[in-house]
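Residue numbers (the numbering used here), protein chains in the order written: chain Z, 1 to 364; chain R, 1001 to 1288.
Some hints could be false.
Stated by the list, open to error - Below, simulated DSS-like cross-link-like pairs (lysine-lysine); rule was C-alpha separation at most 30 Å, straight line: (1) Z:Lys184 <-> Z:Lys112; (2) R:Lys1115 <-> Z:Lys101; (3) Z:Lys15 <-> R:Lys1115; (4) Z:Lys167 <-> Z:Lys178.
No lab work stands behind these hints: they were computed from the structure.
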Amino acid sequence: MASVSLSKIVKRYGKIEVVHGIDLDIAHNEFVVLVGPSGCGKSTTLRMIAGLEELSSGDIHIGEQRVNDLPPRDRNISMVFQNYALYPHMTVAENLGFSLKIANRPEAEIDKAVAEAAEILSLGELLERRPAELSGGQRQRVAMGRAIVRHPDVFLFDEPLSNLDAKLRAQMRIEIKKLHQRIKTTIVYVTHDQVEAMTLADRIVIMRDGHIEQQGTPLQVFENPANTFVATFIGSPPMNLLPATISGDARHIQLEDGTPLPVPERLQSGVTAGQSVIFGFRADNLMPEGHGLTLGSQTASFDLLINLSEPLGTETVLFGEIAGREIQAKMLNPRPVSMGETLRCQLDMSRAHLFDANTQLSLG
Amino acid sequence: MDINQQHRFRKYGLKLAHFLALFIAMSIICLPGLWVVLNSFRPTVEIMAKPPVWIPEKLSLDHYRAMFGAVGEGGVPVVRYFMNSLVISITSTVIAILIGIAGGYAFARYRFRGKSAIFVGFMVTRAVPGVALSLPLFIVFAKVGIIDTHFGLILAYVAMNVPFSIWLIDGFFRQVPRELAEAAEIDGCTRWQAFWKVEFPVAKAGIASAAIFAFLTSWNEYALASQLTRSVFSKTMPVGLLDFTSEFTINWGGMCALAVLMIIPALILTFIVQKHLISGLTFGGIKG
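Given only the sequences and the hints, what does the whole structure look like? Please build it.
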């Protein structure tokens, strides 16, 4: 039971700096997900919290204690690895009880703790098996069981679901969320999958190239992305981005082919005439007439030539072109769409975004 | 003939060819060994007969009786040689494997200056034939005064086995994912405990096979032993085989009998460890 605080942590390998002074405060019981493309420093950050990597500079506190120089065993953390790292020469029960055995706890206590963890994760029938005899999902559960047995202050997950197939991943995602509700512990979870991040996190921390790009609740980062990177990284399909300029009267956005669109009302104070911007909107806000949601106060209409459609059942993702750039739209209550068909679409301008073309930062 | 049948015939044909090839290969490998065993049980006349007698007419333990008999009547100090071989082989294997574990682990897990150069250097030492080393070693050992001692031969065998053991064990530790030790450290182990409680047991099968190699190398080695040992105090069994040669004759039967005694412990050891190798470990701790 503890908070985790990172201040200005830096990691260098030789001359290459991979984590550039990250600050992050994680509250007690919070579920924080570090998400970003591979090589963004998220796993390195997690491993520094675990004590598996040394800090080049900066401080890490777990609870009140500065843990920079503590070995992993003294930090009272648990970690679930991407490849599970179960001990192949031990049975499931021995795997689960290993940390308590190392701590020289009495046999009875170990048995009780193992039984408890096995019950939480329904591993009861597997206790005498070896890891080699388990399926991927079962190994995953054993790895989680091994982590909860010792009642750690902080749980660390390093891409724990990336080795599972899609169906099992969705199932384990729910189990992890339930587990967090049940055991109430601070969790730091690393993933490159934005869906996992959105569904699990109390707070998402989006990283790129060793920096934190944005942090906030899943809905905050979805609705108010701080820059174009976050806008395209969070949400599926990614946000459509079109280069544009602000017109002379600062009331319109002009796309590359000259199409004028009204500047969203809430953004009007943030733009200047002639400014180069990137106009962004989500597929969910561009929908064919009669196949959309209730629109906001400000709308624009397009004729969209459909190049490709992906029917998903409840909705269909449409691929078309605006101003020569490929964009995606969504169709609710879908009907069959044929290629080359032109659909009249409505864009909800009140939910659109503008980013500065130079800094890529949000103007909202 | 329809196409299915054709395929079936081809499959059987291939299988037959496969078995035949295996049989020939195994015959080439095993026949000399069988011949040695057979010869140890039959009279010298039959061994020397031309054309060879393939099916022995009469088997006896005469050669064994003579070998364990008095020195004048064709006997050799078998027990003594056996003990020498055992002491020297086991001691040198244990030392070589301990060094091999430490070295192999270091090569598998740590980065240090000149790592690959040292590694290549180890391999190069293996390229030098034992015979070529025997004279220089003899001179050095003679000066130091460790000719004809267990210690001298153990030293030579440790030096011979360490590079190969490190190379083999390095490979096995590489197969043990780093995360296992990391998980153990997070579970409360020190670095040392993580090694002995997790990494070592997982790589144990590989280490055992390295030990067999080291033991058999020492047990069978002749070129060095023949130079570095002089008397019954340190002669090993391979050198002891020479006791059956005299100026004009070679006692083939006796030699074969001693050779059989030499093979037996090696066989037993291999069987024991092999069982352990197969039964024990399947790497399942990580995503399969």
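Evaluation of the provided hints:
1. About 20 Å separates the Cα atoms of Lys184 (chain Z) and Lys112 (chain Z), which keeps this hinted pair within 30 Å; it holds.
2. With a C-alpha separation of about 37 Å, the suggested pairing of Lys1115 (chain R) with Lys101 (chain Z) is violated against the 30 Å cut-off.
3. Pair hint Lys15 (chain Z) plus Lys1115 (chain R) holds up; C-alpha atoms about 21 Å apart against a cutoff of 30 Å.
4. Distance check on the hinted pair: Lys167 (chain Z) and Lys178 (chain Z) sit about 17 Å apart at the alpha-carbon level, within 30 Å; holds.
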